[in-house]
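Trainee: Each chain is listed here by its residues.
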Amino acid sequence: MIRKVVIGLMVALLGVAFWTLTSGYVPDAELNRTAAYYAANAESEVGAPNIVTGIIVTWRGLDTLGEVTVLFLTSAIIALVLSQSKTPKGASGAGLLPSGELLVTGARMLAPLIALFGAYVIMNGHLTPGGGFQGGAILASGVLLSLLAEPSRRFGHTVIARIESFSGTFYVLVGLAGMAYAGGFLDNGILPLGRFGTMLSAGAIPLISILIGLKVGAEFSSILESLHETEDA
Amino acid sequence: MAQIALATGFVLILAGLYGALTNRDILRMIVAFTIADTGVNVVLVAVGYMPGRTAPILDAAVPVAVASQRIIDPVPQALVLTAIVIGLGITALMLAYAYRLFRLRHSLDISNFTELKW
Numbered sequence: 395m396i397r398k399v400v401i402g403l404m405v406a407l408l409g410v411a412f413w414t415l416t417s418g419y420v421p422d423a424e425l426n427r428t429a430a431y432y433a434a435n436a437e438s439e440v441g442a443p444n445i446v447t448g449i450i451v452t453w454r455g456l457d458t459l460g461e462v463t464v465l466f467l468t469s470a471i472i473a474l475v476l477s478q479s480k481t482p483k484g485a486s487g488a489g490l491l492p493s494g495e496l497l498v499t500g501a502r503m504l505a506p507l508i509a510l511f512g513a514y515v516i517m518n519g520h521l522t523p524g525g526g527f528q529g530g531a532i533l534a535s536g537v538l539l540s541l542l543a544e545p546s547r548r549f550g551h552t553v554i555a556r557i558e559s560f561s562g563t564f565y566v567l568v569g570l571a572g573m574a575y576a577g578g579f580l581d582n583g584i585l586p587l588g589r590f591g592t593m594l595s596a597g598a599i600p601l602i603s604i605l606i607g608l609k610v611g612a613e614f615s616s617i618l619e620s621l622h623e624t625e626d627a
Numbered sequence: 104m105a106q107i108a109l110a111t112g113f114v115l116i117l118a119g120l121y122g123a124l125t126n127r128d129i130l131r132m133i134v135a136f137t138i139a140d141t142g143v144n145v146v147l148v149a150v151g152y153m154p155g156r157t158a159p160i161l162d163a164a165v166p167v168a169v170a171s172q173r174i175i176d177p178v179p180q181a182l183v184l185t186a187i188v189i190g191l192g193i194t195a196l197m198l199a200y201a202y203r204l205f206r207l208r209h210s211l212d213i214s215n216f217t218e219l220k221w
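Protein sequence lines correspond, in order, to chains F and H. First residue of the first sequence? That's 395 in our numbering, and the numbers climb one at a time after it. First residue of the second sequence? That's 104 in our numbering, and the numbers climb one at a time after it.
Just to be clear, a hint being listed does not mean it is correct.
As the list claims (entries may be wrong) - Some but not every residue of chain F turned toward chain H, in silico, with C-beta under 10 angstroms:
#, residue
1, THR416
2, ALA430
3, THR458
4, THR468
Since the hints were derived computationally from the structure, they do not count as laboratory data. Given the structure is predicted, the values throughout are model-derived calculations rather than measurements. Backbone N, C-alpha and C fix where the C-beta goes; we use that ideal spot for every residue, glycine too.
Make the full structure from the sequences, and use the hints.
Mentor: So, in structure tokens, the structure goes:
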């Protein structure tokens, strides 16, 4: 009883604090200096119509590299935590009911389409809403669908690990190339900026998007697989 | 308008915190944390919103010359993109630990785990 009262009181106090924030909130009339700089220089410096992608991949590229590293750590820790309760090889998914023809056939039909859509979102990251992270998540959703449709199916851990390490290494190499041939770490000026608004433009942004997409897709897939291959699954 | 979005986000945060504190089941706590996480993202996006402006993508309707008068703040959107991905990683990590705890006690009730209780 006391617990409930204390919790209620805490949430209410926090609610009052949030209420003051909300009631006194006035939206900005104009962009702050950072955002105005990004808006004014998106075409000349980065060459990407989608300013959010320009920020994530180029201006704050180092943060994105850090974030990809956090994701890598997450998937490595999950694999470590769950490695003790892994099913022995061959016995996996043996006790499960078949998932039915509709689901299996539907998944087989949809998985290539999902992969294609993921590739589309990754490739158009600098032109339309999208990019490496979103496209990578879409790719991993295709993997999730096929895992759900065929529980006894196993994807090759080595393939996923190779894709992951290849894209991670290449991402850092592209960043270092920016230091050597352009303005700094992860500068997209190592490739020509091209014509504004076309698919092959914005320097190295499409390349970095592909690498991020592959890495995020591989990491999410390896997380899904680790969760899937536990003994009770 | 911006206040509605902001209030929605704050309500989601409060609901998530309340759920995480009152539920005894670990899976429900994870769901509650996810709701609070979504609330934080909604608040961040709402802070970047400006009335009467459009998405930060330059095209025929938003030429570069007038871009800073026509687009909303792109920085919170970039932050939220990051936060969503990290949130997914944290959820997966919590689920993995929940699974380990279940293997340990064959139960997901938090009152069965008393080692850190005081």
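Trainee: Hint by hint, which ones does the structure fall short of?
Mentor: none
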